[in-house]
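Start from the sequences and build out the full structure, keeping to the hints where you can.
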Amino acid sequence: MKRAVVLMALSTAAALTLAAQNLAIKGETVYTMAGAPLRDGVVLIHDGKIERVGVASQVKIPSGYQTLTATIVTPGLVDAHSTVGLTGYENAPTSQDQLERGAAIQPELRALDAYDPQERLIEWVRQFGVTTMNTGHGPGALVSGQTMIVKTVGHTADEAAIVPMAMIAASLGEDGRGEQGKSPGTRGKEIAMLRTEFIKAQEALNKSAKPEKPEAKTPDRDLKTEAFIRVLKGETPLLVTAERARDVISAIRLAKEFNFKLIIDSCSECGMIISEVKASGYPVILHASMKRAGGETENISFEDAAKLAAAGIPFALQSGYEGYVPKTRVILWEAAIAAANGLTFDQALASITISAAKLIGVGDRLGSLEAGKDGDVALYDGDPFEYTTHCVGTVINGKVVSSGKF
Amino acid sequence: MNRNPLFLAALFASIAFAQSTPIAYTGAHIIPISGAEIADGVIVIQNGKILAVGATGAVSIPSGAQLVDAKSKVIMPGIVDSHSHIGEPEGGDASSPIQPDVRVLDSINVHAAQIEKARAGGVTTANVMPGSGHLSSGQTLYLKLRKGNTIEDLLIKLPDGSNAGGLKMANGTNPRRAPPFPGTRGKAAALVRADLIKAQEYKAKVAAAKGDASKLPPRDLRMEALVEVLDGKRTVHFHTHRHDDIMTVIRLSQEFHFKVVLHHVSDGWMVADEIAKAKTPVSVIMIDSPGGKEEAKDLSLTTPARLEAAGVLFGFHTDDGITDSRLFLRSAAIAVRAGLSRSTALYAMTMANARILDLDARVGTLEAGKDADFIVLSGDPLSVYSHVLETWIEGQKVFDRGDPHDRLEQVGGPGASHDQNPFWTDDDGGGEEVQQ
Numbered sequence: 001m002k003r004a005v006v007l008m009a010l011s012t013a014a015a016l017t018l019a020a021q022n023l024a025i026k027g028e029t030v031y032t033m034a035g036a037p038l039r040d041g042v043v044l045i046h047d048g049k050i051e052r053v054g055v056a057s058q059v060k061i062p063s064g065y066q067t068l069t070a071t072i073v074t075p076g077l078v079d080a081h082s083t084v085g086l087t088g089y090e091n092a093p094t095s096q097d098q099l100e101r102g103a104a105i106q107p108e109l110r111a112l113d114a115y116d117p118q119e120r121l122i123e124w125v126r127q128f129g130v131t132t133m134n135t136g137h138g139p140g141a142l143v144s145g146q147t148m149i150v151k152t153v154g155h156t157a158d159e160a161a162i163v164p165m166a167m168i169a170a171s172l173g174e175d176g177r178g179e180q181g182k183s184p185g186t187r188g189k190e191i192a193m194l195r196t197e198f199i200k201a202q203e204a205l206n207k208s209a210k211p212e213k214p215e216a217k218t219p220d221r222d223l224k225t226e227a228f229i230r231v232l233k234g235e236t237p238l239l240v241t242a243e244r245a246r247d248v249i250s251a252i253r254l255a256k257e258f259n260f261k262l263i264i265d266s267c268s269e270c271g272m273i274i275s276e277v278k279a280s281g282y283p284v285i286l287h288a289s290m291k292r293a294g295g296e297t298e299n300i301s302f303e304d305a306a307k308l309a310a311a312g313i314p315f316a317l318q319s320g321y322e323g324y325v326p327k328t329r330v331i332l333w334e335a336a337i338a339a340a341n342g343l344t345f346d347q348a349l350a351s352i353t354i355s356a357a358k359l360i361g362v363g364d365r366l367g368s369l370e371a372g373k374d375g376d377v378a379l380y381d382g383d384p385f386e387y388t389t390h391c392v393g394t395v396i397n398g399k400v401v402s403s404g405k406f
Numbered sequence: 001m002n003r004n005p006l007f008l009a010a011l012f013a014s015i016a017f018a019q020s021t022p023i024a025y026t027g028a029h030i031i032p033i034s035g036a037e038i039a040d041g042v043i044v045i046q047n048g049k050i051l052a053v054g055a056t057g058a059v060s061i062p063s064g065a066q067l068v069d070a071k072s073k074v075i076m077p078g079i080v081d082s083h084s085h086i087g088e089p090e091g092g093d094a095s096s097p098i099q100p101d102v103r104v105l106d107s108i109n110v111h112a113a114q115i116e117k118a119r120a121g122g123v124t125t126a127n128v129m130p131g132s133g134h135l136s137s138g139q140t141l142y143l144k145l146r147k148g149n150t151i152e153d154l155l156i157k158l159p160d161g162s163n164a165g166g167l168k169m170a171n172g173t174n175p176r177r178a179p180p181f182p183g184t185r186g187k188a189a190a191l192v193r194a195d196l197i198k199a200q201e202y203k204a205k206v207a208a209a210k211g212d213a214s215k216l217p218p219r220d221l222r223m224e225a226l227v228e229v230l231d232g233k234r235t236v237h238f239h240t241h242r243h244d245d246i247m248t249v250i251r252l253s254q255e256f257h258f259k260v261v262l263h264h265v266s267d268g269w270m271v272a273d274e275i276a277k278a279k280t281p282v283s284v285i286m287i288d289s290p291g292g293k294e295e296a297k298d299l300s301l302t303t304p305a306r307l308e309a310a311g312v313l314f315g316f317h318t319d320d321g322i323t324d325s326r327l328f329l330r331s332a333a334i335a336v337r338a339g340l341s342r343s344t345a346l347y348a349m350t351m352a353n354a355r356i357l358d359l360d361a362r363v364g365t366l367e368a369g370k371d372a373d374f375i376v377l378s379g380d381p382l383s384v385y386s387h388v389l390e391t392w393i394e395g396q397k398v399f400d401r402g403d404p405h406d407r408l409e410q411v412g413g414p415g416a417s418h419d420q421n422p423f424w425t426d427d428d429g430g431g432e433e434v435q436q
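Line by line, the protein sequences are chains A and B.
Letter by letter, the first sequence follows residues 1 to 406 of the numbering used here.
Letter by letter, the second sequence follows residues 1 to 436 of the numbering used here.
Misleading hints may appear alongside valid ones.
[Unchecked claim] In silico BS3-like links for lysine-lysine, alpha-carbon gap of 27 Å or less:
1) B:K233 x B:K198
2) B:K215 x B:K187
3) A:K210 x A:K189
4) A:K405 x B:K297
5) B:K293 x A:K405
6) A:K405 x A:K261
Read the hints as simulated data drawn from the structure, not as lab findings.
In structure tokens:
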């Protein structure tokens, strides 16, 4: 039994090392997420990129292309917020790099320096069709560090990364508090500390823009301030994890004051402040549908996604961070619950493909099946959201990285 | 929402009487579990019991019965959860690793939102357990999730007048702590063996006294509970994940001849044949990814399929709050995804758990004479798109998705996690129209 598992692992590893194939992926239904679904569609992938997408009768498959067939074909799934690769499946202290408790504000912590591309949870989510994750430092500190965007393949973090610095992760409310009496100990203090950092960064930015004397030497580098300057300049969004309505409103107030790109994260009480979130114009990476209700998430609802969709608020779903079991959630199954609770099929699929890719800033190369985009595809033997459907193939950059029935 | 005391008095009176007018759900797809699925069927209930189940035309509906058109709906037995922590149960404290004298009976909050949410998931019977941080954290309770005001209203009484329930035990890493708790697996098993041997001796002393009070040993609540275990009157529900821990449970149960159910069994797929050989029933949890703790690192979604192939009797459980009772049917469906047959999956949600809890004479299938515990679904029980529309226990409707408060519990939202206010017990609580 164990030998079989080892063999499977070896064959997966072997598959990963294969050169990009030229693929023709045929589906009874192809959800391109760029227009209406195609009946009897085909996706051609050449040198890792999508070459052409169309109905089979109009697309000639060139010779030498390997053909894959499935009932349903979708873009590779995009998990808009995860900690997989920094959090390991064993949940031992040695494999939990998503949170450093030494200081309340550490935006200089790079995900790239902490991501384990060999982590088993990556293979786990990949077998269900996940090809891209925005992963990195988790909730649990006022500013815990950076996230990055990875493909769910790669032998090194550098190889996996497509955006090495995607967002800076912050938490408000209970999750933002310091440990054992350390600041911040209250909500007011959390925001005061963040405002202080932004003002410091503003001053540094102003100083570097208008040096008092041309010959003045460049100020000493400060990684923390540099990170906040990136946020102030709109180069890196601040991902603020907040469950309570008042904390989300505080995040919006802060973002308006300093005019940075805010991404509202988790937002268990989004359903209570729909009009405020809508008016703010900021997008939401919504909590996992099956995130547990209790404490700050007591008012969470399976229908939160449907409420955001109905209001026209840009949003994506996330697998999120889990401290115990399941050590990661599977974004496909989270979207399924949303699809069963008020989201349309297309909205639910968009929330883990094109909407997620756009929201995390990679919509130009991921999230839909269109010529020129990365050859990232998921194959299913039925409605992908049905519990009993299998993922029968995952393709990343034109390589088959998972096959079987998962 | 009616706060009139007279109204409430009428309401509770109606609970006591159960429903005497027969109710017939007609035209439903019925999954009786005891036999083949019925595409177009009828179920008739009266006085809290099932009167008849069968195909349309093959079942006589009593005159005067209230007819409910259930066309396009699916009806199956109320779901039985063989391992849950709803209602804030508390077991043993930090004083010692083996506390079989402690009862969850003395701790449960019947107004907890979790219990309402479980009803919203179609759960009608649950084994409510204390935790796994002890070798034995105490006595469990098998509850009917009736809309009651005290824990007594939810109990299942056995013929001898005792409350149905088992004993929680655990091995592996959860009970490992500083002394007097065990620091290793060997120590854990030794501590359990030592106490069971004491219980054997206690039992022998009681037997030797032959009812002579002067010869009886002093009463010992810990020993009394363990003697019930030795006598097969109290089933042990054993938390165990790793393959070697599973085999340790089997070894102990064979040494002391106690009835045991293996719970969680992350590594069950590795020792399915050994479990089958020992004829030990199992209660499986389905988790969305492996790990989260060392002993669950090799968790496989194929465990149910492997147990089925090996011929093991197994049910599913929520371990609520580890998984959500409202989504309990999902566990069966994900197991089907990983190779389990549909019929065994549905059996594992109902009758297998009823057998595991020794309640199969009363619940677990839709058969004449059994308790009228059933759920009405909007579609196939294994489809993500299906919702539980109604949950019935002993002829009383305890959940109705059409009721705004019940719907809130099912989907969540502001207030859904608050304890149920007993004065909110509304007009669906009695299952019948209550005359004011």
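Hint-by-hint comparison with the structure:
1. Taking the CA atoms of K233 (chain B) and K198 (chain B), the gap is near 18 Å; set against the 27 Å cutoff, the hint holds.
2. Pair hint K215 (chain B) plus K187 (chain B) does not hold up; C-alpha atoms about 34 Å apart against a cutoff of 27 Å.
3. The suggested pairing of K210 (chain A) with K189 (chain A) is violated, with an alpha-carbon distance near 31 Å, which exceeds 27 Å.
4. Restraint check for K405 (chain A) and K297 (chain B): satisfied, since their Cα atoms lie roughly 21 Å apart, inside the 27 Å limit.
5. Straight-line distance between C-alpha atoms of K293 (chain B) and K405 (chain A) comes to about 26 Å, which keeps the hinted pair within the 27 Å bound.
6. A C-alpha spacing of about 40 Å is found between K405 (chain A) and K261 (chain A), which places the hinted pair above 27 Å, so the restraint is violated.
Violated hints, listed in ascending order, are 2, 3, 6; each of the other numbered hints is respected by the structure.
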